[in-house]
Amino acid sequence: MNPAEIYDALAALAAKPYDPVEFPFDFALATDNTPATVAKLKGGTFNKSDLPGGVLMNQKFHFAPALTGMAAVTLDALRANKRTLKHKPAILIATDGVEIAAEHPKSGDTLHCAFAELGDRFGYFLPAAGKERYRAAEENPVDVKVSGKLAKLYDALIRRNPDWATDARRHDMNQLMTRLIFCLFAEDVGIFPDNQFSRLIFTHAGDKGEGMREVLISAFTAMNTPRDRRDALPAWAREFEYVNGGLFAGGIDAPVFDAPSARYLRDVSAENWKGINPDIFGSMIQSVADAKLRSELGMHYTSVPNIMKVLGPLFLDDLDAEIEKAWDRERALRHVLDRIAKIRVFDPACGSGNFLVVAYRALREREIRVLTRLAELTGGAQTEMWSVVPIRNFYGIDLADFAVETAKLALFIAEYQANALFQQAFGRKPADLPLRDAANVVCGNALRLNWEAVCPVPEDGGEVFIAGNPPFLGKAQQEDDQKADKDAVFSGVTKKYKAFDYVAGWFYKAGQYIAGRNARAALVSTNSIVQGDAVSTIWPLVLGAEREIFFAHRTFKWRNNASANAAVMCVIAGIRNRSTAPKTLIDGELSFTAANINTYLLDGPDLAVTRQSTSLFDLPTMRFGNMPGDGGHLILSTEEARDLREKSPEASPFLFKFLGSQEVIRGIERWCLWLPEEDKPDWERVDEISRRLELVTEFRAESSREETRQLAGEPHRFIFEAGKQRDHAILVPSVTSERRPYLPFERVGADTIASNLNFALYDAPDWCMALIASRLHLIWIGTVCGKLKSDFRYSNTLGWNTFPVPKFTQDQLDALTKSAMAILRCRYGHYPATIAELYDPEKMPNDLRAVHKANDDLLESMYIGRPFRNDTERLEHLFKLYAARVKKLKKGAA
Numbered sequence: 001m002n003p004a005e006i007y008d009a010l011a012a013l014a015a016k017p018y019d020p021v022e023f024p025f026d027f028a029l030a031t032d033n034t035p036a037t038v039a040k041l042k043g044g045t046f047n048k049s050d051l052p053g054g055v056l057m058n059q060k061f062h063f064a065p066a067l068t069g070m071a072a073v074t075l076d077a078l079r080a081n082k083r084t085l086k087h088k089p090a091i092l093i094a095t096d097g098v099e100i101a102a103e104h105p106k107s108g109d110t111l112h113c114a115f116a117e118l119g120d121r122f123g124y125f126l127p128a129a130g131k132e133r134y135r136a137a138e139e140n141p142v143d144v145k146v147s148g149k150l151a152k153l154y155d156a157l158i159r160r161n162p163d164w165a166t167d168a169r170r171h172d173m174n175q176l177m178t179r180l181i182f183c184l185f186a187e188d189v190g191i192f193p194d195n196q197f198s199r200l201i202f203t204h205a206g207d208k209g210e211g212m213r214e215v216l217i218s219a220f221t222a223m224n225t226p227r228d229r230r231d232a233l234p235a236w237a238r239e240f241e242y243v244n245g246g247l248f249a250g251g252i253d254a255p256v257f258d259a260p261s262a263r264y265l266r267d268v269s270a271e272n273w274k275g276i277n278p279d280i281f282g283s284m285i286q287s288v289a290d291a292k293l294r295s296e297l298g299m300h301y302t303s304v305p306n307i308m309k310v311l312g313p314l315f316l317d318d319l320d321a322e323i324e325k326a327w328d329r330e331r332a333l334r335h336v337l338d339r340i341a342k343i344r345v346f347d348p349a350c351g352s353g354n355f356l357v358v359a360y361r362a363l364r365e366r367e368i369r370v371l372t373r374l375a376e377l378t379g380g381a382q383t384e385m386w387s388v389v390p391i392r393n394f395y396g397i398d399l400a401d402f403a404v405e406t407a408k409l410a411l412f413i414a415e416y417q418a419n420a421l422f423q424q425a426f427g428r429k430p431a432d433l434p435l436r437d438a439a440n441v442v443c444g445n446a447l448r449l450n451w452e453a454v455c456p457v458p459e460d461g462g463e464v465f466i467a468g469n470p471p472f473l474g475k476a477q478q479e480d481d482q483k484a485d486k487d488a489v490f491s492g493v494t495k496k497y498k499a500f501d502y503v504a505g506w507f508y509k510a511g512q513y514i515a516g517r518n519a520r521a522a523l524v525s526t527n528s529i530v531q532g533d534a535v536s537t538i539w540p541l542v543l544g545a546e547r548e549i550f551f552a553h554r555t556f557k558w559r560n561n562a563s564a565n566a567a568v569m570c571v572i573a574g575i576r577n578r579s580t581a582p583k584t585l586i587d588g589e590l591s592f593t594a595a596n597i598n599t600y601l602l603d604g605p606d607l608a609v610t611r612q613s614t615s616l617f618d619l620p621t622m623r624f625g626n627m628p629g630d631g632g633h634l635i636l637s638t639e640e641a642r643d644l645r646e647k648s649p650e651a652s653p654f655l656f657k658f659l660g661s662q663e664v665i666r667g668i669e670r671w672c673l674w675l676p677e678e679d680k681p682d683w684e685r686v687d688e689i690s691r692r693l694e695l696v697t698e699f700r701a702e703s704s705r706e707e708t709r710q711l712a713g714e715p716h717r718f719i720f721e722a723g724k725q726r727d728h729a730i731l732v733p734s735v736t737s738e739r740r741p742y743l744p745f746e747r748v749g750a751d752t753i754a755s756n757l758n759f760a761l762y763d764a765p766d767w768c769m770a771l772i773a774s775r776l777h778l779i780w781i782g783t784v785c786g787k788l789k790s791d792f793r794y795s796n797t798l799g800w801n802t803f804p805v806p807k808f809t810q811d812q813l814d815a816l817t818k819s820a821m822a823i824l825r826c827r828y829g830h831y832p833a834t835i836a837e838l839y840d841p842e843k844m845p846n847d848l849r850a851v852h853k854a855n856d857d858l859l860e861s862m863y864i865g866r867p868f869r870n871d872t873e874r875l876e877h878l879f880k881l882y883a884a885r886v887k888k889l890k891k892g893a894a
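Numbered per full-length UniProt numbering, the sequence shown spans residues 1 to 894.
Wrong hints could be hidden among the right ones.
Claimed, not checked - Capping the alpha-carbon separation at 27 Å, the derived lysine-lysine pairs in BS3-like fashion look like this:
no.: 1; residue 1: 888; residue 2: 807
no.: 2; residue 1: 106; residue 2: 48
no.: 3; residue 1: 843; residue 2: 106
no.: 4; residue 1: 106; residue 2: 557
no.: 5; residue 1: 853; residue 2: 880
no.: 6; residue 1: 483; residue 2: 495
no.: 7; residue 1: 724; residue 2: 818
no.: 8; residue 1: 42; residue 2: 16
no.: 9; residue 1: 657; residue 2: 724
no.: 10; residue 1: 496; residue 2: 890
no.: 11; residue 1: 807; residue 2: 890
no.: 12; residue 1: 48; residue 2: 88
no.: 13; residue 1: 557; residue 2: 475
In case anyone wonders, no lab produced these hints; they're calculated from the structure.
Construct the complete structure from the given sequences, taking the supplied hints into account.
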């Protein structure tokens, strides 16, 4: 069930007479549980509650019936119940059939409402259906209701007219939906006479919608035809106002309706469209035509607070400061008004227009504020009491035709609502019809289009602000056409672009657009764009020598789709032409002025950490582990290794533990054959070894890689051999979960071979472990090496060889060795718990936390004489050390 269907089910439940016995089971059905599951719940199979009349459905909900007027008291009983604490349900519900008292135990958020409001408050109950709640949807249920009904209408029309789902007619279908939405909105808010559109089309379309196609064509044609040219239209169609404005321009057609589609159109027209919120409605309407978004209907949109994280520092905060400074001066306020009139906002990945709508409304709000103040200063002697913010100043590009049509519609709606507020403030507004302007939103590929052709550079001295949330898509997620898009952008610019994230194209084109102009840009991206090789490859192209980052949000969770992407870690970077104006760095709730924002989004010098073949700070050499390239024939399970020893004891010297990253982290046991050339006479006599080597030869001979085929004649060798330790090795997995508070490592003896999924310090001093196990090293790796999806990706050349360390004394090295051994002893004390279990952030033993904290404090005191206050301070100090070292080495080389 999508949220719209859950709304319908809960609204139906609220309309039924309350039955305390049946209510919890009806609630379970209404929140997307199958009838079979509910039947078992009813039979007591899944009911974990021990309260009288209570029903506890695992992690979904815990219900208890309340006596009259006692809903809040019963909710207290649910909170204190031991089974609530054990099973951790998403929602607690108590009701007497008149009032509902509910709570989300995880957040403590409570709800007290009338029982009849159960449907309207559906957003609050979405967690019981396994969907994260988004407050804006809960507070404005009409958006979800009409989206759900539009989806049913859309599907019914496609079933009756399958050709309207083809590429040739998809634009016509999308345009039909936006025209219908406009008409339904217009008749509810007063643009059309009350119910005019619905009344006329249903009066003349027949009982089963058999004449709906012709009726809609006549209605839409009338809206695109001035009144004095309507003689050829039916008399009833001539009643409609002349709309134009682009919405009804061009070809006018409609699909054939049948009884179901006519019924769905009647249902959606019966809704009250006055409360539509264009901030989010556009994205919700987009989900009507996109089956992939149906499961998130009503929740797939970019939240206004997140949009303001972009628009605020980009230009609105500056505008607010200018208004405040000009507050008591008429001439200065008129200058602000002139500035507002000339602002262009351009979203080159606009989707259904969320950024554009929020920017438009924000400018209209500030316009009203300025005009109100001007009226106060002049005693009401105002002449220009009309809006100076036309929607033609808003530009966008999107690849999806329906998104483009929806963005235009959302801006029409936003304009009407802003004009209504203008009328409340000043007693007048422009005539609603005909529509005068349309937003400049085009359908196309933003990486192939000329942005200046879409959003021309203003000739009136106005500013252009580029803002948006382009598609991220790392290298592995890109399709062939997206790779071709990158070819089109970067071919001839750089040879290193193949590994770029898809979003890099938008950053590059934004940088080119604003170069030397009165323009700025701010885009959202995953934080991979400010990590790893991206810093040294992408950003020099974006910024060049003449541009800079003037504000940035450091890593935060971007929640534009509440149940699907809570783990997406994003940054926002604002770029401008170089200026002496202040720069702002935002980290969580903290905002501060920065002397310089580098491409790691730190207040520090401009630099990029680059790969090094040896350590810049004289740390021991770290190498890859060993890559078998054997088709699995040199690798053995524990059982295979045991059988080989029993059958051929002479093979024992050639069996070694074989550890990759998962073996280190999860304690998995595997073995390998390690066959030195000098011992060939001994291992050649073992039949099982010879058999396996023949299989290796066959595997390599059939490989598509030339390097692998060349080693078919040496099957005893790993395809890449880093060697092995004489005494011990320190292994560091190449990838580890971002959830772990420290990087995993393991110390192994001479009986172990490291796989290529680990990096290894062979026979290195044990104090190296204290560095790897530190918070300092974790954040360095996370910043300069980047991540694989959301996991830390380790690199010896980029992470270890660049890791800044001070010059340690021997006493300090001894102290670090003791600290590292304390961590190992503590871990061994929890045997057989694995690293994965020990470093689960929710289950990490207290004594292990303590020894790591002691290690951090010890190491950090060697850097600055005390522990660092936070990760930002850690990184800034590390980068200062790195910059100083690079400068010294360059000076020495010179």
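Hint check results:
no.	hint	in the structure
1	888 to 807	15 Å, holds
2	106 to 48	19 Å, holds
3	843 to 106	18 Å, holds
4	106 to 557	18 Å, holds
5	853 to 880	24 Å, holds
6	483 to 495	14 Å, holds
7	724 to 818	25 Å, holds
8	42 to 16	19 Å, holds
9	657 to 724	12 Å, holds
10	496 to 890	25 Å, holds
11	807 to 890	19 Å, holds
12	48 to 88	11 Å, holds
13	557 to 475	21 Å, holds
When the structure is compared with the earlier hints, no violation turns up for any of them.
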